[in-house]
Structure formats: structure tokens, C-alpha cells
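Next come the chains, spelled out residue by residue.
Protein chains: 2
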Amino acid sequence: MTMEKFEGYSYLEGGICAAEGFVANGLNCGINPDREKNDLGMVYSEASCNAAAVYTQNKVKGAPILVTQKHLEKTNGKAKAVIVNSKNANTCNANGIEVAEATCELLAKEIGITADEVIVASTGVIGMPMEIGPFASGIPKLVKGLSREGHEEAAKAIMTTDTVKKEVAVEFIIQGKKCRLGGMAKGSGMIHPNMATTLNFITTDAAVSTEMLKKALGEIVQVTYNCLSVDGDTSTNDMVSVMANGLAGNNEICEENEDYRIFKQALYIVMLNMTKMLAADGEGASKFLECTCSGAKDRETAAAVAKSVVRSNLIKCMVFGEDANCGRVLCAIGYADAEFDVEKVNVELASPAGAVATYRGGVAIEYSEEFAAKVLAEDEIYINIDLQQGDASAKAWGCDLTYDYVKINGDYRS
Amino acid sequence: MTMEKFEGYSYLEGGICAAEGFVANGLNCGINPDREKNDLGMVYSEASCNAAAVYTQNKVKGAPILVTQKHLEKTNGKAKAVIVNSKNANTCNANGIEVAEATCELLAKEIGITADEVIVASTGVIGMPMEIGPFASGIPKLVKGLSREGHEEAAKAIMTTDTVKKEVAVEFIIQGKKCRLGGMAKGSGMIHPNMATTLNFITTDAAVSTEMLKKALGEIVQVTYNCLSVDGDTSTNDMVSVMANGLAGNNEICEENEDYRIFKQALYIVMLNMTKMLAADGEGASKFLECTCSGAKDRETAAAVAKSVVRSNLIKCMVFGEDANCGRVLCAIGYADAEFDVEKVNVELASPAGAVATYRGGVAIEYSEEFAAKVLAEDEIYINIDLQQGDASAKAWGCDLTYDYVKINGDYRS
Chain A
0 MTMEKFEGYS
10 YLEGGICAAE
20 GFVANGLNCG
30 INPDREKNDL
40 GMVYSEASCN
50 AAAVYTQNKV
60 KGAPILVTQK
70 HLEKTNGKAK
80 AVIVNSKNAN
90 TCNANGIEVA
100 EATCELLAKE
110 IGITADEVIV
120 ASTGVIGMPM
130 EIGPFASGIP
140 KLVKGLSREG
150 HEEAAKAIMT
160 TDTVKKEVAV
170 EFIIQGKKCR
180 LGGMAKGSGM
190 IHPNMATTLN
200 FITTDAAVST
210 EMLKKALGEI
220 VQVTYNCLSV
230 DGDTSTNDMV
240 SVMANGLAGN
250 NEICEENEDY
260 RIFKQALYIV
270 MLNMTKMLAA
280 DGEGASKFLE
290 CTCSGAKDRE
300 TAAAVAKSVV
310 RSNLIKCMVF
320 GEDANCGRVL
330 CAIGYADAEF
340 DVEKVNVELA
350 SPAGAVATYR
360 GGVAIEYSEE
370 FAAKVLAEDE
380 IYINIDLQQG
390 DASAKAWGCD
400 LTYDYVKING
410 DYRS
Chain B
0 MTMEKFEGYS
10 YLEGGICAAE
20 GFVANGLNCG
30 INPDREKNDL
40 GMVYSEASCN
50 AAAVYTQNKV
60 KGAPILVTQK
70 HLEKTNGKAK
80 AVIVNSKNAN
90 TCNANGIEVA
100 EATCELLAKE
110 IGITADEVIV
120 ASTGVIGMPM
130 EIGPFASGIP
140 KLVKGLSREG
150 HEEAAKAIMT
160 TDTVKKEVAV
170 EFIIQGKKCR
180 LGGMAKGSGM
190 IHPNMATTLN
200 FITTDAAVST
210 EMLKKALGEI
220 VQVTYNCLSV
230 DGDTSTNDMV
240 SVMANGLAGN
250 NEICEENEDY
260 RIFKQALYIV
270 MLNMTKMLAA
280 DGEGASKFLE
290 CTCSGAKDRE
300 TAAAVAKSVV
310 RSNLIKCMVF
320 GEDANCGRVL
330 CAIGYADAEF
340 DVEKVNVELA
350 SPAGAVATYR
360 GGVAIEYSEE
370 FAAKVLAEDE
380 IYINIDLQQG
390 DASAKAWGCD
400 LTYDYVKING
410 DYRS
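Sequence order for the protein chains is A and B.
Start counting the first sequence at 0; every next residue gets the next number (numbering that gives the first Met the number 0).
Start counting the second sequence at 0; every next residue gets the next number (numbering that gives the first Met the number 0).
Only chain A is shown next, with the shape it has when bound in the complex (with noise of 0.2 Å):
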């Protein structure tokens, strides 16, 4: 993927740990029987963090949502610590609040803080027993190897069929001081997230009270995850989190002023860059896609178009068979969830090898085939929609439906 370029933000490396403060650990504890792979990370903060979140709107929610969720109303919004285990979701089982609560238990009694100041995530298969083993025997070393440079093996340690670690953060100005956000995400299946999404942490050395965290977090996932689906299906167990510890100086966001303004950008690059690596490495995934629907009534009709056409399978299918059959795309822009007038629709289809128009005012019209599948030979394909009836546009992004996803799927658990 390529990162599109924001005047006045750099990128930086780092991750979860490029904010001043923060540091990061991940090891397998033995939840995940390859030992090779990390199945435990964890972040933390010496000094206290605002905190928000936001949760999947799935009726079956995780423990560890549902664990989350009550510290950080207990604290007004207070953190200190993250910890994370791949491999089982620990949900829908018999003692799945039991083992979330004492896993924050465990480390902060090592770490030396309460156990509310914990915010605890879990991915992987839902319905296992859950054990608490495995966690009393990997804190110890998990919080005594700590460091700066442990956020790759926390990157790694949210991992399930993702095939790369994502991380990014940036580095930017507010009232003069040097700030920085960075971030780790999961994701590759079961992604259709619906308020939240697939897990996700972030962080930040910039100061900003907890409610305008909350308002933040709340915008930037409606037009960043939100727009994000994979294969339609949301899971139990998604999360966002964003911790500022305040440590870059500047004084307090709590308004909607220009600071926050800055601030939020910043998390929008951070978020936006992580939708489009999770979209890119969707399960079974060989091609990225991106649609943006221009030319609506509101953003609501534009967001419900472009959603609409990344989450069909036919055109998923489509993109992965190389196949210009665009019938598909005016059939999925049809059955979108808003009202506009389908007889004034273009469709093009674009890639880095070019664009091809495929249909005006909606009906297909004469192109290049040769052409065409020249355009979607390429592993980055656009498609470009333009209702010709207002002002406002949205992206949404996917990813092809291949025989790796039926593979992977129809044999997660092994």
C-alpha cells in the first residue's frame, strides 16, 4: 500500500510506541500451541492516559468488551495499560468474564497499578474454555521485557490470519510542541464492522481530555473502519482504543478549537492508513479495493453506495477473476440502502495501469476489453462511481473474494 502524503504530518516508525511514554511487549504464553508465534502483547503508559473506546455492535460481545467497557466507565476515562491474547476470542464460553478479570488482576498487581486501569482485548475462535494458566505464566516476562522497541512483538502478538503486523504513526505540531500518534491493528476476517471494528489500539503523547477523545474516535471510525468490510460478517470482538498520556506538553484539548482539529487529522491518517492495510490483507486477499462514490445528495447515500458494491461477492469475485462484468457493480450500486436515481449513474474502473469507463448514465457502454483487463491485472483496483446528482462523496474499501478466504474458512480452527 502507499501512503498518501498530509501537509504538516510526517510519517514515523514505531508504532504503538512512537508517542512519548509508551512501551510494548508480546510472547507466546502457550494459548497458541506454535510457539513460535506470539499470542500475549501488551502497551503501557507510567503516566495516566485519557482514554476512549468504541465496540462492536454485535449482540454477542466478548468478555473482554464487556470487562473493557466497565473499567473505563469505573476510571471517567482513565488507563494505563493494554493487554491483548490472539487465538481465542474468549467469548461465548462458560468463564469468560472470570479469566478477563483476572488476567487484570495479574498484571496490575505486576505492574503496580488497579486493575481498572486495564483495558483487555481477546481475538481468535469463540466458544473455547478459556484458561488463566497461560497468562499468570507469560505477565511476569511480558511486563519485565517492556521496552520502546517491543512494538513489534505486540504488533505480532494480535496477529490471527493476518499475514503481516500493521502498525503507523505520525508525527505532527500543536501550539508548538512536537506531538506523535501511532497504532497496531488486527484484522483480516470477520470484518464488517458496524460502530467499531476488528482490534485496534492507538496512542498518543498529545494531550486531549476524554471527551473530546471520545468525540474524535466517534467521527474518524465512521468514515475510516466503518467503511471497511471484508466478508459482511461483524464479529464479537471488535475494538478501537485511543490513550493520550499528555506527555508531548501542550495544554489540554477540551474544545473543538483548531488544536483538536490538528489532533483529529492526526488520528484520521493513523486510522485510515490501517482500514486500507486491513482491506489490502483480507483474508485469502490477492487484490485491494477501494470504491469512492461521488456526486451524491449527502455523505449517507455516497457511504451507502460504495459499501454496497465493496462487500458483493459477485463483484469480489469480479475483481479476483480479472473480469470486467460491470452489470455487477450498477446491480449492487441498485440494491444500496438509500435512494437516488440510478438512471444518471457513470461507473469507471481504474488501476495504476489506467482508467476505463464502463457505464454512463446508467447504461454500459463500449470499451476496450483488452484494455479493461489490462486495468484489473493490477493488484489495486478503483472503482469509480459518480451518481451525477450533488456534492458529497465516501470511500469504502475491501478486498477480493478468492479461494484462499473459502480455504482459510473452511478450516479456521486447525
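Note that these hints are calculated values from the structure, not bench results.
Quick reminder that beta carbons are idealized off the backbone N, C-alpha and C, glycines included.
It cannot be assumed that every hint is accurate.
[Claimed, not checked] Derived contacts from chain A toward chain B, CB cut-off under 10 Å, selection only: (1) I172; (2) A335; (3) D340; (4) N408.
[Unchecked claim] Away from chain B, derived, C-beta distances all over 10 Å, residues of chain A: (5) T113; (6) K263; (7) K296; (8) D410.
[Said to hold, decoys possible] Here are the in silico distance ranges between beta carbons for each label pair: (9) D410(A) to K343(B): 26 to 34 Å; (10) E97(B) to K343(A): 49 to 57 Å; (11) E365(A) to E251(B): 32 to 40 Å; (12) V163(B) to E368(A): 28 to 36 Å; (13) Q56(B) to R298(A): 54 to 62 Å; (14) K296(A) to G389(B): 18 to 26 Å; (15) K373(B) to D297(A): 48 to 56 Å; (16) I131(B) to G217(A): 52 to 60 Å; (17) E210(A) to K406(B): 46 to 54 Å; (18) D297(B) to E3(A): 26 to 34 Å; (19) E342(B) to D297(A): 33 to 41 Å; (20) E369(B) to A101(A): 31 to 39 Å.
Chain B: place on chain A using the hints.
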């Protein structure tokens, strides 16, 4: 598929021609370059029929849908013939309406009826130019070959990626008169009906008013086709039509009396079996999937849950892979668009090999993986969900997601 038995109704051969007075035919007229495959079919009743239809709710509607709607409005629900082609959906092209209207006129002239008495439909690739030529050359031969035995050729003419033709018919008694109701359907991919479904044509010799036909069709489509999903994509060309020529000799059914109930049940039996046949022959399907949700507070809740499960790509892959990863069933139950308590939910996997309980009260329970594997090795898989919070239930149908689905749809146009 095994056909369920219903007292008072017996299955018979003859499909769309099982009812007295209906003749049919099918042939290749050159729309499909493979001359071995029928691409044009028709049905005809010399006696005028009361007729009703339901159509796709996709905002992009095929030209034939618009023409049929206009015809049935103009005649106040009267029709004598159906003409239908496959391989080209006659949708999103420049001259669709023109060609659909010209086709009706050609047929009407050839057979000696008015164009308004023709129901026209198309299925195939969206956004392809359509010529009247093949219809002009095919219709005379099509009409000449009309016969009671022509139902098979007609059923073949509407096949696209279908691997088998779909015909069902039943016999029943109204007012001491022997009545028949039968039909043909096509399906396979782009199936996620909303108010209507894939192409389906039904005929009966029972005498039923247009108003009662409309009412029965509207009700039955909700509990049959609208609970079927192959891939979540709602087609642009879906249509179900029903024609009643009254030759059985019963007094016309004009109100919701016992006769109406008997007729409606016949329509249900035919549409239910068609729905199951479509699910079993879903694109690339290797297994038939039926989800029953019981114990719901109302039918809407039960249907929302059952549909959410059969639509889930992850569950479809799990069924293909014969992997009892039932956490995914809980996940799909959890994001169903309905309100209920997830902590009471029981889940069972079943097939001709037996049944295995996997979740009780929202929590995974122990079961024999070996036996679960045996259950899932069968070709007909049943997911039974009990919400334990009411008396309502609903069923939904689908199939597994396979390599072949991806293959077929990666290269649909060739």
C-alpha cells in the same frame, strides 16, 4: 432434495404444463452461442388467465420487468403468455425497453393475442446490447412447437449457471374439482431476494381472481423465496409470476375462504420446493443449508436470525469445510437485525447422520468433534437455533461457499 409430504396434495410431473390448458416450448435462438443450449422459452394458455407478479426491489430494474409491470397494469391482471430468454439480462443497455416491447409484439402477432397479454422476462449478463434478430428468427419455431410436453424445454431455456432444471407441480381438490398448480424456476447466483426472487413462473387451472392471486403470492413469497440467500446479491431481473386460467372448473376464488386456503397451500408447496431446489443448486454449492430459528417472540425476529445465518460467508465456508466452528453461528445470530437476548440461545447442527448440540444458553458446550464431523460430512446440513424466548419460528435456506462459486463468478461472462 427430498420432497416433504403434505396431506391432500400429491406431486405430479409436468411442471409449467401440469395445469390443464397450458403449453410450452424452448429452443436456442442464437443469444447463447452454444447452440446446444436453449436460450428462449415460452408458456401459453389459449384461455385467458388472471395473473399477478412480484418483482425485484433493486432500484436498477431490467427492461423486461418494467414492460411486464406495464402490461399487467394495462390489462388489470390478465395474461395469456410468458416469453423469457437467458444469457442476456436486457438490463442497463441503451435499447432494452424497445427490444422487450418488440419481443412481446412479435410473439403476440405470431400467436394471435395482444402484446399486453405477454409477460416478458430475461436473465443473464447485465449491460449487454440486445438485438431483436434472435427473437424474430426464434419465435415462429417456438410457437409452432408448443405442446403439453414442452415444459422441459422451457425449463431448460431459463437455466444460466443452474446445473439442473427446476420444475414442481401438485394436484389438489377445490369444490370437488381436480386442480393442478406447477411451475419452473431458474436460480443459482445473485440470489438474495427482497420482495421477489430469481425468475419463477407458475401456472394453475384453478379459477382464482387477480386480487386473490396477488394476495397469495405476496404472502407466500415472504416465507419462501424471501428467505433464500445464495450470495447476498439481489438481482436486477427477479420476478415471480402466477397465471390462473380457471379450466379446472371451480367457482372463481374471490375471497379468503377455505378454497383460498387450499389454493394458497398449493402455491406454498410449489414455491417451498422451488426455494429448496434453488438453494441446493446455488452457484458452486456442494451442500444444501437450512436454518430453522424457533423460540422467537415473533416471526420477524426468527426470520432475521435464520437469514443472517444462511447469508454469512464464514458459516458458508464452515459448512463447506465440514468444520463445526459454531462460534460463527453465534456471531451471525448476534448481528441479526432484531432484538432478543443472546444469553438464552441454543444451537444444534444436524443432518441425516444425526444431531449435535453445540451451544446452550449462549455458551459453547462440549460435544464429540468426531460425531460433529460425521454430521457435517452429509450433503444436507441443518442449523437449528432455539432462542427460548417465545413461540414463533422461521426457516431460511442457502448453501455452502466453495472454490467453484469463486471460479464461476471470477469468469461469469465467458
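Here is what the structure says about each hint:
Checking I172(A) against chain B by beta carbon gives a least distance of about 41 Å; that is not within 10 Å, so the hint is violated. A cut of 10 Å between beta carbons decides the hint on A335(A): the least distance to chain B is about 8 Å, and the hint holds. At a threshold of 10 Å, the smallest CB-CB gap from D340(A) to chain B is about 8 Å, leaving the interface hint in force. Because the closest C-beta pair between N408(A) and chain B is about 3 Å apart, less than 10 Å, the hint holds.
Remark: the non-interface label on T113(A) is consistent with the geometry, its nearest Cβ contact in chain B lying 29 Å away (cut-off 10 Å). Interface exclusion of K263(A) from chain B stands, the closest Cβ pair being 29 Å apart, more than 10 Å. Its beta-carbon lying about 14 Å from the closest one in chain B, K296(A) satisfies the requirement of being farther than 10 Å from that chain. Not every CB of chain B is more than 10 Å from the CB of D410(A) (nearest about 5 Å), against its label as outside the interface.
Look at D410(A) against K343(B): about 30 Å separates their beta carbons, and that is inside 26 to 34 Å. In this structure the hint that E97(B) and K343(A) lie 49 to 57 Å apart at CB is violated, the actual value being about 20 Å. For E365(A) and E251(B), the hinted distance range of 32 to 40 Å is not satisfied, since their beta carbons lie about 51 Å from each other. About 32 Å separates the C-beta atoms of V163(B) and E368(A), a value consistent with the hinted range of 28 to 36 Å.
Checked against the hint of 54 to 62 Å, the pair Q56(B) and R298(A) fails, with Cβ atoms roughly 24 Å apart. Between K296(A) and G389(B) the C-beta distance comes to about 41 Å, which lies outside the given range of 18 to 26 Å. Roughly 53 Å separates the CB atoms of K373(B) and D297(A), a value that falls within the hinted 48 to 56 Å. In this structure the hint that I131(B) and G217(A) lie 52 to 60 Å apart at CB holds, the actual value being about 56 Å.
Hint check: E210(A) to K406(B), Cβ distance near 52 Å, so the stated range 46 to 54 Å holds. A beta carbon spacing of about 48 Å between D297(B) and E3(A) contradicts the range 26 to 34 Å that was offered as a hint. Checked against the hint of 33 to 41 Å, the pair E342(B) and D297(A) passes, with Cβ atoms roughly 38 Å apart. Judged by the Cβ atoms, the range 31 to 39 Å given for E369(B) and A101(A) holds: they are separated by roughly 33 Å.
Of the numbered hints listed earlier, those contradicted by the structure are 1, 8, 10, 11, 13, 14 and 18.
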